Amino acid sequence: MKRIRLYPPLLQGIEEALELIFGQGKKSDQAVPALLKAHPKWGSRDRHFVAENTYEIVRNKRLLNYILEGAASGEPGYRQWAAAWLILKGYYEEENPFFYGVDPVKVQERAAVSAPEIRFSVPDTLNEPVRKELGEERWYRELEAMSRPADVFLRVNLHRISRAKLKKTLEEEGIFTEEVDGVETALKLRKRSNLALTEAFRKGYFEVQDAGSQLIGALLDPRPGELVIDACAGAGGKTLHLADRMENRGRILALDVEAPKLKELENRARRNRVEIITTRLMDQHVMAAFHEQADRLLLDVPCSGLGVVRRNPDAKEALTGEFLENIREVQAGILKNYSRMVKPGGGLVYATCSILPSENREQVDRFLAENSGYVLKEDRQIWPSESGFDGFYMALIGKER
Numbered sequence: 001m002k003r004i005r006l007y008p009p010l011l012q013g014i015e016e017a018l019e020l021i022f023g024q025g026k027k028s029d030q031a032v033p034a035l036l037k038a039h040p041k042w043g044s045r046d047r048h049f050v051a052e053n054t055y056e057i058v059r060n061k062r063l064l065n066y067i068l069e070g071a072a073s074g075e076p077g078y079r080q081w082a083a084a085w086l087i088l089k090g091y092y093e094e095e096n097p098f099f100y101g102v103d104p105v106k107v108q109e110r111a112a113v114s115a116p117e118i119r120f121s122v123p124d125t126l127n128e129p130v131r132k133e134l135g136e137e138r139w140y141r142e143l144e145a146m147s148r149p150a151d152v153f154l155r156v157n158l159h160r161i162s163r164a165k166l167k168k169t170l171e172e173e174g175i176f177t178e179e180v181d182g183v184e185t186a187l188k189l190r191k192r193s194n195l196a197l198t199e200a201f202r203k204g205y206f207e208v209q210d211a212g213s214q215l216i217g218a219l220l221d222p223r224p225g226e227l228v229i230d231a232c233a234g235a236g237g238k239t240l241h242l243a244d245r246m247e248n249r250g251r252i253l254a255l256d257v258e259a260p261k262l263k264e265l266e267n268r269a270r271r272n273r274v275e276i277i278t279t280r281l282m283d284q285h286v287m288a289a290f291h292e293q294a295d296r297l298l299l300d301v302p303c304s305g306l307g308v309v310r311r312n313p314d315a316k317e318a319l320t321g322e323f324l325e326n327i328r329e330v331q332a333g334i335l336k337n338y339s340r341m342v343k344p345g346g347g348l349v350y351a352t353c354s355i356l357p358s359e360n361r362e363q364v365d366r367f368l369a370e371n372s373g374y375v376l377k378e379d380r381q382i383w384p385s386e387s388g389f390d391g392f393y394m395a396l397i398g399k400e401r
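Numbering (my numbering), first residue to last: 1 to 401.
A hint or two may mislead.
When the alpha-carbon atoms are kept at most 25 Å apart in a straight line, the in silico DSS-like pairs for lysine-lysine are as follows [claimed, not checked]:
1) K191 - K168
2) K27 - K261
3) K132 - K203
4) K132 - K167
5) K27 - K61
6) K263 - K26
7) K168 - K203
8) K41 - K191
Just the calculated beta-carbon pair ranges, DEER-fashion [unchecked claim]:
9) A288 - R380: 30 to 40 Å
10) N337 - R249: 25 to 35 Å
11) P116 - H285: 44 to 54 Å
Note that these hints are calculated values from the structure, not bench results. All figures in this text were calculated on a predicted structure; none of them were measured in a lab. Backbone N, C-alpha and C fix where the C-beta goes; we use that ideal spot for every residue, glycine too.
Put together the whole structure using the sequences plus the hints.
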């Protein structure tokens, strides 16, 4: 077992973050930044240590509870969770009071013999319906892949800079990347860095975007001069990719039901020097106004998010069989109603960040069976275990003339 000096303020920081999340009900992506902001004197390595381990403890809560049932004295609390997790990662100091009451040998033993649903910390309310749909072998294979830390990918704005030039530019700032086979716009970071401080980021040369996600914009393949609608735009990661592929020529209408997300998209578009995006809140009037007007339509629909759970450690607890049923109905309604904005001869991409067939190909088949005049041209499922990317599904659907 490694013996690495663990400073008390950092250990206390992890415990404090867990209190914010589990004691006060804050989401991880709110609690961790708030904690780091409260400790501005921590260095980058310290901040990374606290953030990474907090997220991983949240992600592995069920496993840690199981381990501590037989490896801790007294009622397990946030400190014991943190201690057990650090032991599993090889951080341990026998004389450090932080680890008192947690047996390091039993921690390792219980982790080794745990069942897959425990080892990957999947609640039974999620495990059972997904295991039934995907099959045990596929489900646990994907869970294992998604239990590993996610890589950081950049999407190069090719109308602003070439991939090779951006790679060299970042190297000059001490940030090293490698090209991603099969994704012409993607670079992968070799080591996590504060990208927002780089001159390349300020100039809008790149966005942080998973390589699998970048394939969605490539499949839609919008052309300069077209009218493109991103009907579930959110904060606009894919919208900006569409604008880049259009060389900032044409028009993109970015729609969403949440105004703050569209405001963030507007800010990002300014940094990217993108001028062709117009944002609007989605409603029935928009759908009527743009009936059969769009050359291309992107439907990146709400979904379970099962393909990106390693980036959202709170997600597994919220997913249940009932939630999956409800979200499938939402998806079907969006695909049926929003598709009417595509002009004859145009096309749309239906996309999710899910690995479930019931959210993906089965939704597309249902739509095609119930709506004439559309044809499936191509679809693709991105599996984390096979790609190293997040999990995505995408289907290109053409509308007949």
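* To do: Identify every previously stated hint that the structure contradicts and give their numbers, smallest first.
  => Numbers 3, 4, in rising order.
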